[in-house]
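**Student:** So you can see what is in the structure, the chains are spelled out below.
2 protein chains.
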Amino acid sequence: MFGGFAQSGTEPKPASPIYGVAIPDAYRQWELIAPALEREPLNELRAVVGNKTALAAYRAVTLPFPDGAVLVKLAWKHIQSPEFESALVPGMATTVQVMVKDSKRYAATGGWGFGRFVDGKPVDQAQHETCWGCHEALVKNHDYVFTRLAP
Amino acid sequence: MFGGFAQSGTEPKPASPIYGVAIPDAYRQWELIAPALEREPLNELRAVVGNKTALAAYRAVTLPFPDGAVLVKLAWKHIQSPEFESALVPGMATTVQVMVKDSKRYAATGGWGFGRFVDGKPVDQAQHETCWGCHEALVKNHDYVFTRLAP
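These protein sequences, in sequence, are chains X and S. Residues 1 to 151 (our numbering) make up the first sequence, in order. Residues 1 to 151 (our numbering) make up the second sequence, in order.
One thing to keep in mind: the hints can contain errors.
Since the list can't tell identical chains apart, any single copy or any two copies may satisfy a pair.
[Stated by the list, open to error] Cut-off 25 Å, straight-line C-alpha distance, at most; resulting in silico cross-link-like pairs (SDA-like, lysine to any residue):
no. : residue 1 : residue 2
1   : Lys121    : Pro151
2   : Lys104    : Gln80
3   : Lys104    : Asn43
4   : Lys140    : Glu83
5   : Lys104    : Ala87
6   : Lys13     : Arg59
7   : Lys52     : Pro24
8   : Lys121    : Leu63
9   : Lys77     : Ala126
10  : Lys52     : Ser86
11  : Lys104    : Gly91
12  : Lys77     : Pro41
13  : Lys77     : Pro64
14  : Lys140    : Pro82
15  : Lys52     : Leu149
16  : Lys140    : Ala87
Since the hints were derived computationally from the structure, they do not count as laboratory data. All values reported here derive from a predicted model rather than from experimental measurement.
Please model the entire structure based on the sequences and the hints provided.
**Tutor:** Printed below as a string of structure tokens:
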């Protein structure tokens, strides 16, 4: 009880360096866009979910994504299923990664703000400096978003 | 216009042999339980989603699942991401598989009814005869459900 930010039991949510992006509330209930597998060196299963604005844009097949679209990528180390020989399943959670579309606030980075979190805490500025360059270089033709809506 | 089942533009949804399980409405908006990868010979990415009853049971860590719990597994052939060398992403959709808990109706199969669909149509009876034996043999200790809630 030394003051600080806590008030009425709520604390400001930790936000990413550079972009000020926080983990959205209730994203775990958002709709699945697609799963993916990351091979070596990460060896992860991933799932990207999106808010209603993002899913509406995917379904309308319109680009760029509108302001307010938010994507969250969940990631886990993959492990051998103990019960089914041919299956890899989620093990330990690793990162939660967020993209927020705000074409004015993030005009310098294609309209997207980025956040990468481990255990709910944003990783350092150096890691956040890597987001935009890769998205810009590899998926400019899909509004800088890798993930497509799984059919 | 030869009669049949069509009425007011609605048709009865095709249901699985043996179990009479149909694909639930709006399952694509259900919450993600976990992704998975199926290696050879299927080479699929999978994602299991569940209705609110199923997710509440997962979060409460109570077994068996209550009546009304429904799980749906989406599956896609995995393909190489054209944009990110280390990623496998969803290609063609393959099966949609459904488990419905109704402890009275499906008392003979652990309380679960099964449905496997390709292009929205249930596969044949022979395929449906394989569901229960595998679930019974391999995941009896998890109420016959393979998928765990990803952390």
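**Student:** Are the hints correct? Go through all of them and say.
**Tutor:** Against the structure, the hints come out as follows:
1. Lys121 <-> Pro151: between (33 Å within a copy, 16 Å between copies)
2. Lys104 <-> Gln80: Neither, since 44 Å and 34 Å both go past 25 Å.
3. Lys104 <-> Asn43: neither (36 Å within a copy, 42 Å between copies)
4. Lys140 <-> Glu83: between (41 Å within a copy, 11 Å between copies)
5. Lys104 <-> Ala87: Classified as neither; 44 Å inside a copy, 31 Å across copies.
6. Lys13 <-> Arg59: between (31 Å within a copy, 23 Å between copies)
7. Lys52 <-> Pro24: both (13 Å within a copy, 20 Å between copies)
8. Lys121 <-> Leu63: For Lys121 and Leu63, the Cα distance exceeds 25 Å both inside one copy (31 Å) and across copies (33 Å).
9. Lys77 <-> Ala126: Result: close within a single copy only, 23 Å intra versus 36 Å inter.
10. Lys52 <-> Ser86: Neither, since 34 Å and 29 Å both go past 25 Å.
11. Lys104 <-> Gly91: Neither: 38 Å inside a copy, 34 Å across copies.
12. Lys77 <-> Pro41: Both: 11 Å inside a chain and 22 Å across chains, each within 25 Å.
13. Lys77 <-> Pro64: Result: close neither inside a copy nor across copies, 31 Å intra and 28 Å inter.
14. Lys140 <-> Pro82: between (40 Å within a copy, 13 Å between copies)
15. Lys52 <-> Leu149: both (13 Å within a copy, 23 Å between copies)
16. Lys140 <-> Ala87: Between copies only: 18 Å across, 34 Å inside.
Of the numbered hints given earlier, the model fails hints 2, 3, 5, 8, 10, 11, 13; all others are met.
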